[in-house]
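Read left to right, the first sequence gives residues 1 to 912 (our numbering).
Keep in mind that a hint or two might mislead.
Subject to a maximum C-alpha distance of 30 angstroms in a straight line, what follows is the list of computed BS3-like cross-link-like pairs (lysine-lysine) [to be verified]:
hint, residue 1, residue 2
1, Lys-883, Lys-895
2, Lys-160, Lys-729
3, Lys-807, Lys-837
4, Lys-239, Lys-299
5, Lys-266, Lys-195
6, Lys-287, Lys-299
7, Lys-892, Lys-868
8, Lys-18, Lys-102
9, Lys-629, Lys-807
10, Lys-804, Lys-790
11, Lys-327, Lys-348
12, Lys-868, Lys-35
13, Lys-94, Lys-35
14, Lys-160, Lys-24
15, Lys-670, Lys-868
16, Lys-894, Lys-754
17, Lys-18, Lys-34
18, Lys-35, Lys-390
19, Lys-383, Lys-528
20, Lys-102, Lys-302
21, Lys-35, Lys-195
Please keep in mind that the hints were generated in silico from the structure rather than gathered at the bench.
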Amino acid sequence: MEIPKIYEPKEVEAKWLKEWQDLKLFHSEPDTSKKSFSIVIPPPNVTGSLHIGHALNNLLQDIIIRFKRMNGFNACWIPGTDHGGIATQNVMEKELKKQGKKRDDFTREEFVKMMEVWAEKTGKTIISQLHKLGCSCDWDRLCFTMDEKRKKAVNYAFIKLYEKGLIYRATRFVDWCPRCETALNESEYEQEDEKGKLWYVKYPIQNEPEKFITVATTRPETMLGDTAVAVNPNDERYKKLVGKNAVLPLVNRLIPIIADESVDMKFGTGAVKITPSHDLNDDAMAKRHNLAYIDVIDKKAKITSNIVLDLKKQSIKNNEVSDLIGKDRDEARKILVELLKEKQFLEKEENYTGPKKRCYRCDTIVESFNSKQWFLKMSDMAKRAIDVAKNGETKFFPDKWLKPYLLWLENLKDWCISRQIWWGHRIPLWYCKNCVEKIEDVTSDIKGVYASQTKPNKCSVCGKSDFIQDSDVLDTWFSSALWPMSVFGWPDETNELKYYYPTNVLVTGHEILYLWVARMIMTGLEFKNEVPYSDVYIHGIVRDKKGKKMSKSLGNVIDPLTIMEKYGTDALRFALAYQGIPGRDMQISDENFVMARNFANKLWNVSRFVLMNMGTRMTQIKDADDTDKELTDKWILSELNLTIKNVTEAIENYNPSEASRLLYEFIWSKYCDWYVEFSKTRLYGNDEKTKEAVQKIHIEVLENILKLLHPIMPFITEEIFQNITEQKKNIMVSDYPKFDGTKINKTAEKEIQKVIEIITAVRNIRSVMNIKLSDTVDIVVKINSKETEKIISENKHYINSLAKIGKIDFTKSSQKQNHSASAIVGDVEIFVLLEGKIDFELERKRLEAQLIKINHELQTYETKISNKNFMEKADPEEVFRVKQKYQETQDKKKKIEDIIKNFGGGLNGKRF
RNA sequence: GGGCGGUUAGCUCAGUUGGUUAGAGUACUUGCUCGACACGCAAGGGGUCACAGGUUCAAAUCCUGUACCGCCCACCA
């Protein structure tokens with residue numbers, strides 16, 4: 001059997017993906033005789049393909065689900081995709097733009113049809129990527145947030161909430177994208193400080209043409225809708241002006257100068273222009289002071305004709321301002337600033353950096369204004385969501401997220417659920433054309449409005465059957481909020497819903513804690529009266545080397561497919577798991593993948609080693625008696641069991657990083673570096689019985705390693721597992737290793753530790769003295785303690801072979817050995833005889849350097865022991881330890897000093 | 001302005017409830033084709049744990065403050 005030296009992931013991965021799929025190992029059916037463990041995927045948007053963040057998110061879920069499956073649970077992981085609302089529609093619009101087309105070139109039906117085709121295509125891409133990643137989702141249960149069943153759930157939920165009176169229509173300030181022409185929520189725009197200007201505009205005082213009040217503004221174009229100038233009532237500069245009128249420049253409309261506490265005296269001039277229609281604060285102020293509203297900017301961010309109507313109403317002579325009608329807000333700004341300058345209303349302009357909201361999909365600056373939207377009342381639902389988190393029905397891992405979660409819910413405003421786009425769940429409200437005069441004026445209490453999944457037959461008011469459906473769609477998070485229920489067929493009481501719901505854990509990044517997690521909890525409580533999952537596992541965001549969030553525009557995205565191609569899927573998975581420290585964002589770079597790839601290769605090669613030494617005697621493992629086992633065997637089994645315990649705990653505590661580190665350490669530094677080497681003396685010997693015994697241990701350890709590692713690295717572990725066992729069973733459905741306390745052997749651990757230290761010390765001398773491997777040298781180990789002599793004696797062959805030395809002798813003499821380099825390991829004095837090969841000066845330097853270290857160490861112990869307080873107050877165990885350590889170090893120091901003393905005479909006399 | 005996190009070896013990061021001489025990977029130095037692996041083996045060098053106080057017998061670890069970096073929330077004319 002020829003096995004390549006380098007692990008080749010590609011074929012292996014394809015092979016097992018197919019087999020797992022063919023055997024339907026990912027599939028789960030409700031089975032009341034078994035305990036269920038369920039996870040629902042955070043459905044990726046069908047905007048394109050998966051990024052490394054998705055890979056992390058899904059990997060973590062896969063680790064948990066595979067772990068639970070191997071631990072006897074009926075594990076079910078529901079996969080799916082999200083229609084993604086505005087985000088996806090924008091991707092489509094961008095595609096159209098490339099072809100020189102736009103949304104308006106199509107009818108709504110045509111556009112939605114195109115979107116469906118797109119969603120289908122990208123959805124498939126995403127699913128295939130998840131599949132390739134090794135995600136053990138139940139692919140037979142694939143869902144989409146806008147498929148028929150989910151549609152039903154959304155409509156049902158909307159209608160229920162509507163009937164309960166929780167959904168209402170109102171005119172509110174909303175964030176609005178003038179390019180997308182829809183309301184946005186906080187996840188749909190990004191707010192950042194941007195460089196801009198602050199313009200100081202002089203507003204003349206009525207009847208006092210020489211006097212002005214100067215306001216500072218970042219948005220001069222909105223001045224057309226100003227209906228007041230406000231100052232702080234305590235502002236001495238303006239006290240006399242309050243109550244007077246200012247004349248709006250260019251427009252010549254009179255506006256009152258008012259006093260309001262909310263005005264910041266320190267900002268700008270301390271006087272602020274008030275545009276109630278286009279600013280949330282101004283709106284609030286307008287309500288307090290009963291000011292008029294004049295809309296200046298329309299849905300498309302163009303100047304409205306309202307400004308002229310307003311002028312006419314006040315019989316103010318028309319002027320150049322009316323030319324602005326229909327112009328874009330930016331253009332209008334330029335023109336206005338020019339006009340103000342020309343007419344000497346502009347006092348000055350200065351640079352100013354302030355916050356700007358931009359639509360996160362099209363980068364257009366968000367406009368905020370009053371708009372008629374559908375809202376969902378949040379206060380009661382939020383209260384319940386707060387309660388369940390406080391009383392622990394839902395727990396957060398790590399729990400530091402509890403506080404922000406609560407804070408968000410406590411300040412929650414009603415949720416604007418309507419969007420003026422075409423892609424999404426259309427609001428299931430129908431208006432009787434006969435009874436409802438103006439659709440814009442519809443509210444929930446008006447007659448002739450019906451909440452219904454399908455078009456109503458007849459209007460109960462007028463008896464006619466001419467209906468029109470609301471043209472808005474629901475916020476994409478509305479369907480997401482129902483996801484943990486809807487994937488199991490809710491609102492129908494399906495077997496799946498009964499068996500798998502509530503789910504066990506939700507795994508997600510913290511960026512959607514509010515938007516999604518909180519809302520799922522609220523709807524879960526509302527409709528099912530229980531939390532949708534008991535645990536919320538919140539992982540970090542993947543960032544690049546410089547700590548920047550990965551984004552296409554920054555060009556720093558890592559494509560998981562590229563990594564999988566280059567290093568293998570298991571390497572990608574291991575690297576992500578290894579770096580994914582709970583509660584922290586993670587930075588990842590190529591080096592991590594190289595490390596993981598090398599680790600996979602190490603595992604591959606150690607299994608090659610085991611296989612090569614199995615011969616044809618590959619047998620089922622039977623636990624031999626401990627008496628048959630050597631110290632090294634007991635040691636590795638002890639270490640293995642410790643690893644089993646710790647890895648299991650780590651995964652159960654949602655810490656795959658810890659699990660990965662433990663496994664790396666055990667496999668590489670314990671099993672490969674030491675046990676494998678120890679075992680060679682027996683494997684290459686002639687005693688068949690001994691050989692077989694050590695083979696059994698190897699099989700046992702390797703099999704356990706593979707199982708432990710399988711949730712993180714499924715492919716390579718399955719491949720090796722199938723090679724080393726004759727079982728037909730797949731590793732992914734085998735039993736996860738169980739901790740066996742009887743295998744823990746502290747004595748073996750201690751003694752092997754000693755052996756390792758002695759070997760390392762000898763190797764060190766070899767290395768420093770530049771002793772070639774080919775030079776077989778003799779070594780004499782002098783023992784002062786009988787206990788250690790026994791250990792060394794019993795493990796002599798290991799020291800011989802691992803330190804590559806000729807022979808070991810014992811001596812009781814405390815005489816220095818001629819021509820030797822020395823090392824002290826605890827109570828063991830080692831003399832490596834190097835006749836003719838020793839560099840005396842080097843040896844002296846080496847020992848003196850050691851002495852410096854020892855002295856330093858000794859000092860720390862001395863300080864402690866001479867400290868009365870330490871001796872009295874410290875934990876007695878700690879005192880004992882320090883005392884012991886002190887004694888040991890002192891002994892060691894004395895021994896080295898002795899050697900050096902002897903050295904003095906020896907150098908010239910060549911006694912050494 | 002409020003909150004959260006970070007600052008540990010050249011680089012990327014671990015470090016559980018305070019208690020071995022503070023660890024890993026990588027990079028670096030030296031030596032290795034020794035019957036799993038050069039994607040490797042062996043040996044080594046490298047850190048005042050951001051800074052300043054405090055608590056404690058004892059602090060990378062707990063507390064307070066400072067600086068810088070990052071994120072979230074709110075405000076900003």
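Each hint tested on the structure:
1. Note on Lys-883 and Lys-895: the hinted pairing holds, with a Cα-Cα distance of about 19 angstroms set against a maximum of 30 angstroms.
2. For a cut-off of 30 angstroms, the pair hint linking Lys-160 to Lys-729 is broken: about 48 angstroms separates their Cα positions.
3. Note on Lys-807 and Lys-837: the hinted pairing holds, with a Cα-Cα distance of about 17 angstroms set against a maximum of 30 angstroms.
4. For a cut-off of 30 angstroms, the pair hint linking Lys-239 to Lys-299 is broken: about 38 angstroms separates their Cα positions.
5. Of the supplied pair hints, the one linking Lys-266 and Lys-195 holds, its CA atoms being roughly 20 angstroms apart against a limit of 30 angstroms.
6. Using a Cα cut-off of 30 angstroms, the hinted pair Lys-287 and Lys-299 holds, with the two alpha carbons roughly 23 angstroms apart.
7. For the hint linking Lys-892 to Lys-868, the alpha-carbon distance of about 25 angstroms falls within 30 angstroms, and the restraint holds.
8. In summary, the hint linking Lys-18 to Lys-102 is not supported, as the alpha carbons are separated by about 42 angstroms, beyond the 30 angstroms threshold.
9. For the hint linking Lys-629 to Lys-807, the alpha-carbon distance of about 24 angstroms falls within 30 angstroms, and the restraint holds.
10. Our distance criterion of 30 angstroms between C-alpha atoms is met by Lys-804 and Lys-790, whose separation comes to about 20 angstroms.
11. In summary, the hint linking Lys-327 to Lys-348 is supported, as the alpha carbons are separated by about 24 angstroms, within the 30 angstroms threshold.
12. A C-alpha spacing of about 58 angstroms is found between Lys-868 and Lys-35, which places the hinted pair above 30 angstroms, so the restraint is violated.
13. As the CA atoms of Lys-94 and Lys-35 are separated by approximately 47 angstroms, the hinted pair breaks the 30 angstroms bound.
14. With a C-alpha separation of about 38 angstroms, the suggested pairing of Lys-160 with Lys-24 is violated against the 30 angstroms cut-off.
15. Note on Lys-670 and Lys-868: the hinted pairing is violated, with a Cα-Cα distance of about 41 angstroms set against a maximum of 30 angstroms.
16. Distance restraint check for Lys-894 and Lys-754: the Cα-Cα separation of roughly 20 angstroms lies within the 30 angstroms cut-off, and the hinted pair is therefore satisfied.
17. For the hint linking Lys-18 to Lys-34, the alpha-carbon distance of about 26 angstroms falls within 30 angstroms, and the restraint holds.
18. For the given pair, Lys-35 sits about 27 angstroms from Lys-390 by alpha-carbon distance, which is consistent with the 30 angstroms threshold.
19. For the suggested pair Lys-383 and Lys-528, the alpha carbons sit about 16 angstroms apart, so the restraint of at most 30 angstroms is met.
20. For the suggested pair Lys-102 and Lys-302, the alpha carbons sit about 19 angstroms apart, so the restraint of at most 30 angstroms is met.
21. With a CA separation close to 58 angstroms, the supplied pair Lys-35 and Lys-195 exceeds the 30 angstroms bound.
In terms of the numbered hints stated before, the structure departs from hints 2, 4, 8, 12, 13, 14, 15 and 21, listed from lowest to highest.
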